[in-house]
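Student: Residue strings, one per chain:
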Amino acid sequence: MSRMGASLVSSVWALWLFVAMFGVVLNVPLVWGIGTIYIRADGSIDPLTAPITTVDKVTYTLTDNIASSSDGIIVERDNIIIDGDGYVLRGPGYTGTGVSLAGRSNVTIKNTRITAFYYGTWLSSSNNNSISGNDITADIGDGIRLKSSSSNSISGNNIANNEDGH
Amino acid sequence: MGIRLEYIYYSANISGNNIANNADGGLYLFHTPTPGYSIYHNNFINNGPRQARTVYSGNTWDDGYPSGGNYWSDYTGVDIYSGPNQDQPRSDGIGDTPRVIDAGNKDNYPLMSIWGNIIDVGSPVADAGPDLTINVGTTVTFNGNKSIDDFAIKSYVWTFTDITPQILRGMKPIYTFNNLGDFEVTLNVSDYVGNWNTDTVTITVRLPEHELVASMTAPTSLQLGSSSTLKATVTNQGPNDATNVELVLLINGTTVNSTTIPLLQVGNSYSLSYLWTPTVEGTYNFTAYVHPLLGEVSRENNLITKIVTVAVPPPIAVKAGDWIRLDYTISGAPSGTPFPQWIKIEFLSVEGTTANIRVTMHMSDGTEPSQTMTVDVAVGSGAFQGLSGFVIHANCTTGDSVYISGYGNLTIAGETTRTYAGASRTVVYASFSQYGTQLTYYWDKQTGVMVEASTISGGMTGTAKAIETNMWHAQPSALPFDQTYLYVLVAVVIAIAVGSIAFVMRRKKKPPEVVTPTAPTMQKTLST
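Just so you know, the sequences run in chain order A and B. Residues in the first sequence are numbered from 1 upward in steps of one, following our numbering. Residues in the second sequence are numbered from 1 upward in steps of one, following our numbering.
None of these hints come from the bench; they were simulated from the model. Fair warning: there could be bad hints in the mix.
To be verified - Not close to chain A: a few residues of chain B, all C-beta gaps over 12 Å, as computed: (1) Asn13; (2) Ile14; (3) Asn22; (4) Phe30; (5) Tyr65; (6) Thr133; (7) Ala152; (8) Met171; (9) Leu224; (10) Gly321; (11) Gly332; (12) Asn395; (13) Tyr407; (14) Thr437.
What the hints assert, rightly or not - Heads up, simulated DSSO-like pairs for lysine-lysine below, C-alpha to C-alpha not over 27 Å straight-line: (15) Lys172(B) <-> Lys319(B); (16) Lys306(B) <-> Lys344(B); (17) Lys146(B) <-> Lys110(A); (18) Lys57(A) <-> Lys110(A); (19) Lys231(B) <-> Lys110(A); (20) Lys147(A) <-> Lys319(B); (21) Lys344(B) <-> Lys231(B); (22) Lys146(B) <-> Lys106(B); (23) Lys306(B) <-> Lys231(B).
All C-beta atoms in this analysis are idealised placements derived from N, C-alpha and C, irrespective of residue type, glycine included.
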């Protein structure tokens with residue numbers, strides 16, 4: 001066996017041990033997170049370890065896939081952009097909301113693949129927002145639901161395979 | 001649902017979306033703001049049961065001409081013409097007729113092809129749903145909604161063989177399996193660029209292991225204070241004997257009787273009874289319920305309910321001073337035994353549902369036994385010399401239950417018109433038959449008083465029929481005099497007519513007078 005081959009085997013063993021210890025033994029999912037992520041009114045991200053980055057507290061960009069056992073992202077700040085950058089925001093398959101806006105304005109949700117929540121995107125009493133270029137699929141209830149929300153734009157989304165709304 | 005908008009007060013723009021394969025519909029506009037929504041350049045693809053649904057009109061479903069409206073996968077129009085009015089030669093990629101959403105909403109310029117570029121590089125992934133085990137005769141709704149594609153699924157085709165080849169189309173087709181066996185159903189989904197994929201679901205159709213069916217017997221109405229026996233029955237209609245069958249009888253959700261049947265063989269029934277005497281008027285929900293057994297798939301027939309109305313009986317419609325007399329006709333009575341010839345019922349006082357009556361019976365030996373009694377139509381009508389049911393509440397109708405002392409609850413079997421005490425009356429009737437005795441009652445509907453009672457028992461028949469009363473007036477004859485006089489008059493007229501005819505005929509048959517010839521000598525003398 002060459003030195004390069006031995007190094008490769010060692011790397012594979014190390015990776016296997018890593019997955020076994022942290023991915024299986026500690027039940028850590030291979031994508032990040034199991035709880036709800038908040039974008040707070042002061043612009044902070046809660047928790048700090050969430051795979052979302054911002055430099056100006058205006059544009060928030062996902063840096064990895066996210067799996068949640070309840071709600072995905074709850075937005076508490078106005079005048080921001082949430083850019084999924086093509087990453088997946090995945091719910092538990094039976095409950096929760098992918099991206100939730102309550103009383104918000106001028107928020108843009110774009111380029112996010114939202115799937116397997118009860119509601120993909122929920123806007124309540126939120127005006128002048130934009131939902132664009134997202135892939136919102138396989139939610140149990142509605143892909144996009146707006147309630148008491150005015151002057152919003154829904155464009156360029158793929159809204160497919162969502163089930164029975166209530 | 002793909003998109004649902006509700007309680008929106010200012011317009012929203014919905015454009016450029018691909019809204020596809022959403023099970024409960026593509027777009028639902030629960031309210032419409034002013035101005036309405038602007039909805040254009042979207043692809044509505046295979047959303048069920050409706051691509052778009054609105055509550056109000058006033059929305060705009062296109063961006064004008066030639067920009068166009070939306071693509072609808074179920075649009076059936078053609079594209080032959082062009083122009084804002086779609087009346088100019090050549091096609092233009094816009095349907096010639098609007099795509100109607102509902103009475104107040106239409107897309108004036110439906111697109112003939114998908115809006116935007118179809119970025120569809122991958123094959124769809126078919127999902128025919130989980131395998132099922134069902135009872136024969138069950139209708140299955142297939143569900144291909146879990147099938148996915150990176151753009152949209154264009155068609156769902158389900159194929160299998162049930163004696164003959166079957167082809168079902170759509171995301172959620174239905175089919176009733178009436179034959180036993182395992183059916184492998186293949187779903188083939190294809191997307192808009194021709195990619196396709198399949199998945200198979202197995203439907204196992206079997207006879208039910210158990211099939212318990214509940215039924216019940218209960219009146220539709222009951223008089224307050226009276227009683228009725230409610231009966232719940234379970235029947236084993238399945239292919240196997242059933243053990244530990246639990247049968248419950250409930251009134252308004254409260255268990256009043258229950259039992260566990262250790263063994264209920266195939267085809268057998270078991271009944272549970274409950275003597276019910278409601279004390280409060282109202283509407284009651286009577287339920288018979290059989291706990292389903294393990295392996296019993298069809299469970300909807302394990303429960304049956306019936307509404308029973310309990311009402312305060314109307315007061316007696318007779319008044320103090322009323323009376324009625326019924327004459328008896330009896331045959332087969334043993335000789336030497338006095339038998340009744342007539343009976344008279346007199347109402348001495350009446351209050352609510354209670355009356356104080358005197359019953360007098362005139363016997364063939366000249367005696368007239370009499371008894372005064374109180375009767376309550378709600379709980380029984382008293383008895384005298386084996387006879388009861390003198391009065392029931394007024395205006396009974398078919399199906400009503402009346403309590404007759406000595407016979408229990410009788411159900412009014414029908415209504416008819418008959419002549420009693422000289423007048424045509426509407427009467428209701430009920431019968432009782434048990435242990436060789438047959439009894440039939442007729443009561444005057446308006447007053448509730450007995451007008452006829454007949455019994456057949458042990459070779460003896462007796463009928464008491466009303467011939468006289470002060471409760472209604474005998475109807476006068478249609479003729480101005482008694483019919484006997486009419487018959488006599490007719491006979492006299494006929495007799496006179498016959499006599500006259502006979503006299504005339506006799507006169508016509510009298511022979512002509514005979515003329516005697518003259519002697520010749522005499523004639524000669526005269527001629528000389």
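Student: Decide, hint by hint, whether the structure agrees.
Tutor: Here is what the structure says about each hint:
| no. | hint | verdict |
| --- | --- | --- |
| 1 | Asn13 | 5 Å, violated |
| 2 | Ile14 | 5 Å, violated |
| 3 | Asn22 | 5 Å, violated |
| 4 | Phe30 | 9 Å, violated |
| 5 | Tyr65 | 21 Å, holds |
| 6 | Thr133 | 24 Å, holds |
| 7 | Ala152 | 6 Å, violated |
| 8 | Met171 | 10 Å, violated |
| 9 | Leu224 | 44 Å, holds |
| 10 | Gly321 | 69 Å, holds |
| 11 | Gly332 | 75 Å, holds |
| 12 | Asn395 | 50 Å, holds |
| 13 | Tyr407 | 57 Å, holds |
| 14 | Thr437 | 63 Å, holds |
| 15 | Lys172(B) <-> Lys319(B) | 69 Å, violated |
| 16 | Lys306(B) <-> Lys344(B) | 42 Å, violated |
| 17 | Lys146(B) <-> Lys110(A) | 24 Å, holds |
| 18 | Lys57(A) <-> Lys110(A) | 16 Å, holds |
| 19 | Lys231(B) <-> Lys110(A) | 65 Å, violated |
| 20 | Lys147(A) <-> Lys319(B) | 68 Å, violated |
| 21 | Lys344(B) <-> Lys231(B) | 40 Å, violated |
| 22 | Lys146(B) <-> Lys106(B) | 30 Å, violated |
| 23 | Lys306(B) <-> Lys231(B) | 11 Å, holds |
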